[in-house]
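K.L.:
Residue numbers (the UniProt record's numbering), protein chains in the order written: chain L, 1 to 303; chain X, 1 to 303.
There's no promise every hint is true.
To be verified - Partial list, computed: chain L residues near chain X (C-beta under 10 Å):
#1 35
#2 50
#3 142
#4 145
#5 208
#6 214
Said to hold, decoys possible - Now the stretches of chain L that chain X is said to cover, found in silico as 3 or more residues with beta-carbon under 8 Å:
#7 100-108
#8 162-168
#9 194-205
Quick caveat, the hints were computed from the structure, so don't treat them as lab data. C-beta: ideal position from N, C-alpha, C; glycine also.
Spelled out from the first residue to the last, the chains are:
Protein chains: 2
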Amino acid sequence: MNRALSIRSRKKDDHAKEASKHTFSISTLRGMQQAELSKKLYKLIKTENHAIGAYETAGRERLSIASQLSDWGESTNDDAVSDISDKIGVILSEIGEQEDLFAQNLEDYRAILKQIRNIESSVQPSRDQKAKISDEIQKLKYKEPSSPKIVTLEQELVRAEAQNLVAEAQLTNITRQKIKEAYDLHFAATIERAEKQIILARYGRRLLNLLDDTPVVPGDVRQPFEHVNEARKVLSDAEHELQTWEPHLEPVHSNAGGLAPNLMPTGATSETASAATEPVATPTPTEKPAAEAQGTHLESATA
Amino acid sequence: MNRALSIRSRKKDDHAKEASKHTFSISTLRGMQQAELSKKLYKLIKTENHAIGAYETAGRERLSIASQLSDWGESTNDDAVSDISDKIGVILSEIGEQEDLFAQNLEDYRAILKQIRNIESSVQPSRDQKAKISDEIQKLKYKEPSSPKIVTLEQELVRAEAQNLVAEAQLTNITRQKIKEAYDLHFAATIERAEKQIILARYGRRLLNLLDDTPVVPGDVRQPFEHVNEARKVLSDAEHELQTWEPHLEPVHSNAGGLAPNLMPTGATSETASAATEPVATPTPTEKPAAEAQGTHLESATA
Numbered sequence: 001m002n003r004a005l006s007i008r009s010r011k012k013d014d015h016a017k018e019a020s021k022h023t024f025s026i027s028t029l030r031g032m033q034q035a036e037l038s039k040k041l042y043k044l045i046k047t048e049n050h051a052i053g054a055y056e057t058a059g060r061e062r063l064s065i066a067s068q069l070s071d072w073g074e075s076t077n078d079d080a081v082s083d084i085s086d087k088i089g090v091i092l093s094e095i096g097e098q099e100d101l102f103a104q105n106l107e108d109y110r111a112i113l114k115q116i117r118n119i120e121s122s123v124q125p126s127r128d129q130k131a132k133i134s135d136e137i138q139k140l141k142y143k144e145p146s147s148p149k150i151v152t153l154e155q156e157l158v159r160a161e162a163q164n165l166v167a168e169a170q171l172t173n174i175t176r177q178k179i180k181e182a183y184d185l186h187f188a189a190t191i192e193r194a195e196k197q198i199i200l201a202r203y204g205r206r207l208l209n210l211l212d213d214t215p216v217v218p219g220d221v222r223q224p225f226e227h228v229n230e231a232r233k234v235l236s237d238a239e240h241e242l243q244t245w246e247p248h249l250e251p252v253h254s255n256a257g258g259l260a261p262n263l264m265p266t267g268a269t270s271e272t273a274s275a276a277t278e279p280v281a282t283p284t285p286t287e288k289p290a291a292e293a294q295g296t297h298l299e300s301a302t303a
Numbered sequence: 001m002n003r004a005l006s007i008r009s010r011k012k013d014d015h016a017k018e019a020s021k022h023t024f025s026i027s028t029l030r031g032m033q034q035a036e037l038s039k040k041l042y043k044l045i046k047t048e049n050h051a052i053g054a055y056e057t058a059g060r061e062r063l064s065i066a067s068q069l070s071d072w073g074e075s076t077n078d079d080a081v082s083d084i085s086d087k088i089g090v091i092l093s094e095i096g097e098q099e100d101l102f103a104q105n106l107e108d109y110r111a112i113l114k115q116i117r118n119i120e121s122s123v124q125p126s127r128d129q130k131a132k133i134s135d136e137i138q139k140l141k142y143k144e145p146s147s148p149k150i151v152t153l154e155q156e157l158v159r160a161e162a163q164n165l166v167a168e169a170q171l172t173n174i175t176r177q178k179i180k181e182a183y184d185l186h187f188a189a190t191i192e193r194a195e196k197q198i199i200l201a202r203y204g205r206r207l208l209n210l211l212d213d214t215p216v217v218p219g220d221v222r223q224p225f226e227h228v229n230e231a232r233k234v235l236s237d238a239e240h241e242l243q244t245w246e247p248h249l250e251p252v253h254s255n256a257g258g259l260a261p262n263l264m265p266t267g268a269t270s271e272t273a274s275a276a277t278e279p280v281a282t283p284t285p286t287e288k289p290a291a292e293a294q295g296t297h298l299e300s301a302t303a
């Protein structure tokens, strides 16, 4: 069996293929300004922005298609097709709104990833500083083994190591907490969009059943559309079910509640922690915008 | 209450707004080549193509994000983050594949809309011909009321009317049948994507619960990751549930089964129908490609 055990290994295969094509390995220089440590997440956050843009486009196009369908139905001069296509259009608009709401929720998840990226960037100088002092000591020991500067540098190194220990603890604390938070939100948003679109699509199918497609012979006149009220009822039922929708999720548990503002466990005042003179700045969480756009199309359609 | 009763009326408001901005009312001349009758659907089919493109992009970006997440996790040198991020990546890849499968299904729905558009285009000449002969008769009656050509034209008009009656019956038969078929497929595809992504997202949330985010103090070493087997089990459970997924849809009923190849009810041989010399060509249905791409990421990840 030559199958990959994770997407990681598969991904490497892809890279190997790319390399053989002699394409540029760098597509933009912007990522290069990022600290080594935060480069990968920086790129992921950028790609997520493209994905979000695609969902926004999909939502916008769906709204446009909904209007066009309704318009087309009217132009057929067939009462039944006109009424049903208009109401299918309402359902499609609402499905489009859900794509947009999903995109907004993904923005919130993306903001959480940025908090990890920010702490990664801020931990980098602490690692660099430690490595730099170590380096200097090694060089000096080789060139001037008796230099008094070595003692000073070794004292500096102890301080740098202490500071770095704090920074690394803050990094792992934030990383684990925020990666859980980010994908908790991502998956919850996926489920929300899915459950709401299922509601809408099911009512959409009921609308279709109100359209009689029995073929007619030339000269036959179609009967007037008899299901106007039923069709309106389907829409208002859909609206009601959408508005009373509530998430039912298996919770993602977190033990990060004990994380103090200094990104250490609450009450932790180890000597190492207090020895650090410059704790890494706490990344500020992004405010979550109230993304409540659901049911507006149905609401106006059934008013 | 000044709320719209349908998206149709809302759409008109939008148009009014656009007009006041003095933008071009024509954005492309291509639609103009279409018969008047099929213009609206022609445009809708084009817009749907953009929507499909957006879903393809979303799927592609999601796959890319999945790889990047796995890669990032590996670079953290944290066993737990590495394992969980790789497996979350597998779930995300599969979610991306579902976007792509959805786009493929939308292509099939779009092909059905094209069948309506095609019959609309083919009915147009029949309407034009009838109108043209009527016109000629009116002009002649005014200019040369005693012309013998009037009788000939009136005979031609009877034939044109008969042909048009057939064409219009074919149009309504195909329109009603295919619009139901198209949105039956569209809504079924929406539900399929939604149900499968719900399965994936729920297992994704279980994976998150295997990552302990209890904060550590500086100098503490994280315990080795103990849930490797559990995480693998979550993925294989997800794979199994995805592979055994089956649609459970309220059926959309059709009475179009009695539609003969001549687009008339089976057995209908009315005089009008047989009087028509040139029946409108039957649009050929598009083959549905077997779109079975589900579960490949999970399969290789749990192999």
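K.L.:
Does each hint fit the structure? Answer for all of them.
P.N.:
Hint check results:
no.: 1; hint: 35; result: violated, 13 Å
no.: 2; hint: 50; result: holds, 5 Å
no.: 3; hint: 142; result: violated, 30 Å
no.: 4; hint: 145; result: violated, 31 Å
no.: 5; hint: 208; result: holds, 5 Å
no.: 6; hint: 214; result: holds, 4 Å
no.: 7; hint: 100-108; result: violated (count 0)
no.: 8; hint: 162-168; result: holds (count 4)
no.: 9; hint: 194-205; result: holds (count 9)
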